[in-house]
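Number of protein chains: 2
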Amino acid sequence: MLQTAAAKTHLDPSDLAMVPFVSVEDMMNIINTLTLPVIIREIAEYIEADFLRWESFDKTPRVAAHSSEGVIELMPTSDGDNYGFKYVNGHPANMSRGFQTVTAFGVLARVHNGYPILVSEMTILTALRTAATSAVAAKYLAPEKSKVMAMIGNGAQCEFQALAFKEVIGIDTIRLYDIDPAATRKAVLNLQNSGLNIVTCTSAEEAVLDADIITTCTADKQYATVLGDNMVSSGVHINAIGGDCPGKTELYKGILLRSDIFVEYPPQTRIEGEIQQLDNDHPVTELWTVIAGKNKGRTSDTQITLFDSVGFATEDFSALRYIHDQLEKTGCFIELDMIADPDNTRDLFGMIERSRKRQQQ
Amino acid sequence: MLQTAAAKTHLDPSDLAMVPFVSVEDMMNIINTLTLPVIIREIAEYIEADFLRWESFDKTPRVAAHSSEGVIELMPTSDGDNYGFKYVNGHPANMSRGFQTVTAFGVLARVHNGYPILVSEMTILTALRTAATSAVAAKYLAPEKSKVMAMIGNGAQCEFQALAFKEVIGIDTIRLYDIDPAATRKAVLNLQNSGLNIVTCTSAEEAVLDADIITTCTADKQYATVLGDNMVSSGVHINAIGGDCPGKTELYKGILLRSDIFVEYPPQTRIEGEIQQLDNDHPVTELWTVIAGKNKGRTSDTQITLFDSVGFATEDFSALRYIHDQLEKTGCFIELDMIADPDNTRDLFGMIERSRKRQQQ
Chain A
64 MLQTAAAKTH LDPSDLAMVP FVSVEDMMNI INTLTLPVII REIAEYIEAD
114 FLRWESFDKT PRVAAHSSEG VIELMPTSDG DNYGFKYVNG HPANMSRGFQ
164 TVTAFGVLAR VHNGYPILVS EMTILTALRT AATSAVAAKY LAPEKSKVMA
214 MIGNGAQCEF QALAFKEVIG IDTIRLYDID PAATRKAVLN LQNSGLNIVT
264 CTSAEEAVLD ADIITTCTAD KQYATVLGDN MVSSGVHINA IGGDCPGKTE
314 LYKGILLRSD IFVEYPPQTR IEGEIQQLDN DHPVTELWTV IAGKNKGRTS
364 DTQITLFDSV GFATEDFSAL RYIHDQLEKT GCFIELDMIA DPDNTRDLFG
414 MIERSRKRQQ Q
Chain B
64 MLQTAAAKTH LDPSDLAMVP FVSVEDMMNI INTLTLPVII REIAEYIEAD
114 FLRWESFDKT PRVAAHSSEG VIELMPTSDG DNYGFKYVNG HPANMSRGFQ
164 TVTAFGVLAR VHNGYPILVS EMTILTALRT AATSAVAAKY LAPEKSKVMA
214 MIGNGAQCEF QALAFKEVIG IDTIRLYDID PAATRKAVLN LQNSGLNIVT
264 CTSAEEAVLD ADIITTCTAD KQYATVLGDN MVSSGVHINA IGGDCPGKTE
314 LYKGILLRSD IFVEYPPQTR IEGEIQQLDN DHPVTELWTV IAGKNKGRTS
364 DTQITLFDSV GFATEDFSAL RYIHDQLEKT GCFIELDMIA DPDNTRDLFG
414 MIERSRKRQQ Q
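Sequence lines, in order, name chains A and B.
For the working numbering, add 63 to where a residue sits in the first sequence, where the first one is 1.
For the working numbering, add 63 to where a residue sits in the second sequence, where the first one is 1.
For the record, the hints were derived by calculation from the structure and aren't laboratory data.
Owing to the predicted nature of the structure, the values given are computational and were not obtained by experimental measurement.
Beta carbons: idealized from backbone N, C-alpha and C, even for Gly.
A couple of the hints might just be wrong.
PhoX-like, lysine-lysine: derived pairs with alpha carbons at most 25 Å apart [as the list claims (entries may be wrong)]:
id : chain 1 : residue 1 : chain 2 : residue 2
1  : A       : K420      : B       : K392
2  : B       : K122      : A       : K122
3  : B       : K359      : B       : K316
4  : A       : K357      : A       : K208
5  : A       : K359      : A       : K208
6  : A       : K316      : A       : K359
7  : A       : K122      : A       : K359
8  : A       : K202      : A       : K392
9  : A       : K392      : B       : K420
With beta-carbon atoms standing in for the labels, derived distance ranges [what the hints assert, rightly or not]:
id : chain 1 : residue 1 : chain 2 : residue 2 : range
10 : B       : Q340      : A       : K392      : 50 to 58 Å
11 : B       : Q340      : A       : L320      : 51 to 59 Å
12 : B       : R248      : A       : Q424      : 21 to 29 Å
13 : B       : R421      : A       : L272      : 36 to 44 Å
14 : B       : Q422      : A       : D78       : 25 to 33 Å
15 : A       : K392      : B       : R421      : 19 to 27 Å
Chain B stretches covered by chain A per the calculated footprint, using a threshold of three residues with CB under 8 Å from any CB of chain A [unchecked claim]:
id : stretch
16 : 80-86
17 : 116-129
18 : 154-168
Input sequences plus hints: build the corresponding full structure.
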């Protein structure tokens, strides 16, 4: 896949100058080469491994540029060996104008010399890492031998969640509900060969019947009550994905008060998550401490556990690290001539001049 | 230059999915198509225009990830219409290991929908914008009819500064000095057809003789005294480029105290610039206020003016905006399939599935 491999001369950019780029098409090819269940499980393993060494990460709140139409964010983090960041936008009105609400790309770089080693699309990759993170949390929080998951909200994230929970947790049945029946029809079509039993429901109340796990993943832009208080029975694990920015929540406050709440990074979740409805000192447990054995996850059959997920930079880092590790195996990338690498590092000017003379030949 | 234009079908990525990418080779081709003097002058015009509307920019200090080997920074800004950021590293030990000390790339995006519209190499582009910014500052601060510039430090930035000051200010003579004679020889070679009179000097003291403008652009990593107190006579303009991070300065403190000091963005310059040697409330003038006519630049023939330049995100933004405006004219770019753009925005999963089926055909 080295574009320049065939005809490389000493005048071509050096290997140091080249940065692997994974396009949307490449990402789909990686997924279809490795298969979606495998890639989600393996990303989950990377995410879990990185949560386990949480304390070695340089954690910064995301840097946001807000406008009346939406937000553009940079989410950087580093583990000391590698540095990664994600560019991601969030524009609620985009869908009605024919644009994606959320698009993303990411970069991985070496800390020791600052050179980028990967540029990748992250719209698809974010969907994978979000589902994988939910599954990792559920490993520690969902009832043992969970088989049935209710899925409220059947948008872009729905099928990835379903596959992640089948692959990592072992669920066999998914109960789908969306206020828009077209979204549910789309999910049914996409999941028809997944091996899951699929039940379509006409209300959220119906969807949660007998569910061990309730995943909420709606796109409501305001304080919404996707889950009412009477819909959550004891022993359930709630995987709350949709409430992920200030002013956007999905759960009735009373449910939060009855739950043991687990979060990724409290300073961010208190602003963006379901718990923005609660006092700033309401007790929460950091997911990484459960994975590391420092705190308990689920402790009883009657406990309601809630993973209040907003997405954190380390998860993107894990996903980028995973994709970087698949490059050689899959060959699904091109190389971008992105780093100026003159023979003499002080002679940037001469490099341009030599390029001009070469063209004139 | 649309890679997919010839054979585009409805299964190919939509135009929305494609982001123009300017590689190092493309950047050199843009420069050699437009010529270096023209491109530096035009970037200077963009920078000046953006300084003039300084108040419309969203200004954030850069986000830095420090390690023992160096720093990786993200420098974002926005004017409300466009959003831009630069990724840049600074690794002092890189040169001795065969890497660039500084490499960079940048992204421009639309604020209204968050879609990237340009990814570009910025190692070369940063060299151009740094020289262009110096020239813009000198327009307002250097003595009238300046003809002679001393250039202390003949590294990667040297030739760009020389050409920028010839093109924008009208200097006709450059006096070169570097502690490493090889650097000076390189600069002489590169500038031999520039139309400038070139004088090589064996000391900094010799270089500044009769100079209207003194540019310091050395790579010393510590508090250095490139310019001693007795070397700066009244009426001179000092263009100080090299001191650009904490612990790195070039000028004797006494010179600062005798100068009127002009800076880009005080919160950043007080940490990174020459003025880190001074009290935090030492008076400085923001360059944009001079360009906008709110404050005076040079007011007398005997005044010493100092542009304490560290480089600011708006200058990168101006440079990216300029390159974006040259894409159509020069055709020097490829398009990257970087934004997932499914027909149905809720059907990311189906897009992957359809890609798989297409491959199996």
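Here is how each hint holds up against the structure:
no. : hint                          : result
1   : K420(A) x K392(B)             : holds (21 Å)
2   : K122(B) x K122(A)             : holds (22 Å)
3   : K359(B) x K316(B)             : holds (23 Å)
4   : K357(A) x K208(A)             : holds (23 Å)
5   : K359(A) x K208(A)             : holds (18 Å)
6   : K316(A) x K359(A)             : holds (23 Å)
7   : K122(A) x K359(A)             : holds (23 Å)
8   : K202(A) x K392(A)             : violated (29 Å)
9   : K392(A) x K420(B)             : holds (21 Å)
10  : Q340(B) x K392(A): 50 to 58 Å : holds (53 Å)
11  : Q340(B) x L320(A): 51 to 59 Å : holds (56 Å)
12  : R248(B) x Q424(A): 21 to 29 Å : holds (25 Å)
13  : R421(B) x L272(A): 36 to 44 Å : holds (39 Å)
14  : Q422(B) x D78(A): 25 to 33 Å  : holds (29 Å)
15  : K392(A) x R421(B): 19 to 27 Å : holds (22 Å)
16  : 80-86                         : holds (count 3)
17  : 116-129                       : holds (count 4)
18  : 154-168                       : holds (count 10)
Against the hints set out earlier in the document, a violation occurs for number 8 only.
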